[in-house]
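Engineer: These protein sequence lines are chains A and B, in that order.
In terms of our numbering, the first sequence opens at residue 740 and continues consecutively.
In terms of our numbering, the second sequence opens at residue -14 and continues consecutively.
Hints may contain errors.
No more than 20 angstroms apart at the CA atoms, straight line, and that leaves these computed lysine to aspartate or glutamate pairs for EDC-like [stated by the list, open to error]:
#1 A:Lys750 to A:Glu818
#2 B:Lys84 to A:Glu818
#3 B:Lys84 to A:Glu753
#4 A:Lys796 to B:Asp82
#5 B:Lys53 to B:Glu80
#6 B:Lys89 to A:Glu798
#7 B:Lys89 to A:Asp777
#8 B:Lys84 to A:Glu834
No lab work stands behind these hints, which were simulated from the structure alone.
It should be emphasised that the depicted structure is a prediction, and the values quoted were computed from it without experimental measurement.
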Amino acid sequence: DAGITQSPRHKVTETGTPVTLRCHQTENHRYMYWYRQDPGHGLRLIHYSYGVKDTDKGEVSDGYSVSRSKTEDFLLTLESATSSQTSVYFCAISELDRTLVGYTFGSGTRLTVV
Amino acid sequence: AQSVTQLGSHVSVSEGALVLLRCNYSSSVPPYLFWYVQYPNQGLQLLLKYTSAATLVKGINGFEAEFKKSETSFHLTKPSAHMSDAAEYFCAVSEGDDKIIFGKGTRLHILP
């Protein structure tokens, strides 16, 4: 979707190194989300944001932190990457009436921790 | 807390046959329900949504879903499968708070 961009699209990193994934939106939506997708688990919520500097934890937040200093950017950081964090990460955005319109997803970042 | 169960991680149908993907939900309040589709190496796209209006919801690409409160179900159907329908499909539920919870997905295979 042209309104939401994730970077990088692919990354290979070593165990123990820090990694930051970026989600950028041009829609001026208030809500942003980070999910991870793994076979057999579907999508699981990591963290989400209500607005600038306003974030909360999802169901699988251990080992991850987030920051949102601007409306358009939502960063996901793995402080010390582990092999269990090898996954595909998706960012999503939604408008205020989010439950009526659902989410718009980015194209994903495939992260491999070796 | 809300949850979603999708029956069958893989479903195969012949081209031209009926597509039926099953989804059951659990929610303590009237839910909002969604179906998303994911094509290979892409993000998820919204197929259709139920938000307490009509119980039969029509979506894109000829798909529709029916909300049945008595069965706590929201199954996805399409009368005639096309090769381009091969993808992974996710059912999702929200209780009107800030989060949407996704099922584990069903991969649809179309047989020629």
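Engineer: Evaluate each hint against the coordinates.
Structural biologist: Here's how the hints hold up against the structure:
With a CA separation close to 15 angstroms, the supplied pair A:Lys750 and A:Glu818 stays within the 20 angstroms bound. A hinted pair counts as satisfied when its Cα atoms are at most 20 angstroms apart, and B:Lys84 with A:Glu818 does not qualify at roughly 25 angstroms. Simply put, B:Lys84 and A:Glu753 have alpha-carbon atoms about 32 angstroms apart, too far for the 20 angstroms limit, and the pair is violated. A C-alpha spacing of about 14 angstroms is found between A:Lys796 and B:Asp82, which places the hinted pair at or below 20 angstroms, so the restraint holds.
Using a Cα cut-off of 20 angstroms, the hinted pair B:Lys53 and B:Glu80 holds, with the two alpha carbons roughly 16 angstroms apart. For a cut-off of 20 angstroms, the pair hint linking B:Lys89 to A:Glu798 stands: about 14 angstroms separates their Cα positions. Restraint check for B:Lys89 and A:Asp777: the C-alpha separation of about 9 angstroms stays at or below 20 angstroms, so the hint holds. With a C-alpha separation of about 12 angstroms, the suggested pairing of B:Lys84 with A:Glu834 holds against the 20 angstroms cut-off.
Violation of the numbered hints given earlier is confined to hints 2, 3; the remaining hints are satisfied by the structure.
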